[in-house]
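Peer 1: Based on these hints, arrange chain B on the given structure of chain A.
2 protein chains.
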Amino acid sequence: MDWLDAVKWDAQGLVPAIAQEVGSNDVLMFAFRNREGLAKTAELGEAVYFSRSRNRLWHKGEESGHIQKVRELRLDCDNDVVLLKVEQLGHTPGIACHTGRHSCFFQRHEQGQGVWRSVEPVLKDPQGIYK
Amino acid sequence: MDWLDAVKWDAQGLVPAIAQEVGSNDVLMFAFRNREGLAKTAELGEAVYFSRSRNRLWHKGEESGHIQKVRELRLDCDNDVVLLKVEQLGHTPGIACHTGRHSCFFQRHEQGQGVWRSVEPVLKDPQGIYK
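Line order of the protein sequences matches chains A and B. For the first sequence, position 43 (counting from the first letter as 1) is numbered 1123 according to our numbering, and the numbering increases by one without interruption. For the second sequence, position 43 (counting from the first letter as 1) is numbered 1123 according to our numbering, and the numbering increases by one without interruption.
Chain A extracted, bound-state conformation:
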């Protein structure tokens, strides 16, 4: 069986994908990927997602230069979630988030206060990332 056929695509033909940084093991981002995007990811060795808002393939870093080199691709026990171990290129430390932060998961729940608080620094002004 083709490895792409082994993936359980959802009703929209997509699979959720988590990007994790090699080395730090930080979770950088989460996005969806269609069959073509997963095939291209393996072929290029760079993360290609499917943008639901733009309804097209999205080669991560195509505008920002923040390419994700894929070191490993993993599939979960139910064959319906993909994990990418990536090297986040284009800036040191790596910037995966469109807000200019290292990771998209920069809002922390503050238990006592019942709020989400931004707790990670902006590493680069997004205006300088997307020209």
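It is possible that some hints are incorrect.
Copies of one chain are not kept apart here, so a pair can be met inside one copy or by any two copies together.
Unchecked claim - Capping the alpha-carbon separation at 20 Å, the derived lysine to any residue pairs in SDA-like fashion look like this:
1. 1211 <-> 1151
2. 1120 <-> 1092
3. 1120 <-> 1188
4. 1120 <-> 1193
Note that these hints are calculated values from the structure, not bench results.
Peer 2: Frame of chain A, contents of chain B only:
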């Protein structure tokens, strides 16, 4: 605004959730959570998901004993994905997967061969986990 209202719930009233192990930073599993599940997760300090197959709240570990103590809750930049930093209880090393493995992401894509291969050991026979 209530922190639960800040979350962008999908059409089914769910939000994708990634569980990551504190310390190792390993990604353990991925599942969905509804509003009640997220509220309970914060209240108990233990991971409560929504099981789409059983259509009910699922207190992770309720059968297996493999409870996830939640050390931190994070929300992504689009407010539509949650990351839980957890301590995986019930076994050392932690078992998050129903197959008896540490993580659900145990299938690795073998680039040259075009297959997914199981590359992580079963730490405990599932028959001994679910009695």
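Peer 1: Does each hint hold? Answer for all of them.
Peer 2: Cross-check of the supplied hints:
no.	hint	verdict
1	1211 <-> 1151	neither (29 Å within a copy, 38 Å between copies)
2	1120 <-> 1092	within (18 Å within a copy, 30 Å between copies)
3	1120 <-> 1188	between (33 Å within a copy, 17 Å between copies)
4	1120 <-> 1193	between (44 Å within a copy, 16 Å between copies)
The earlier numbered hint that this structure contradicts is number 1, and it is the only one.
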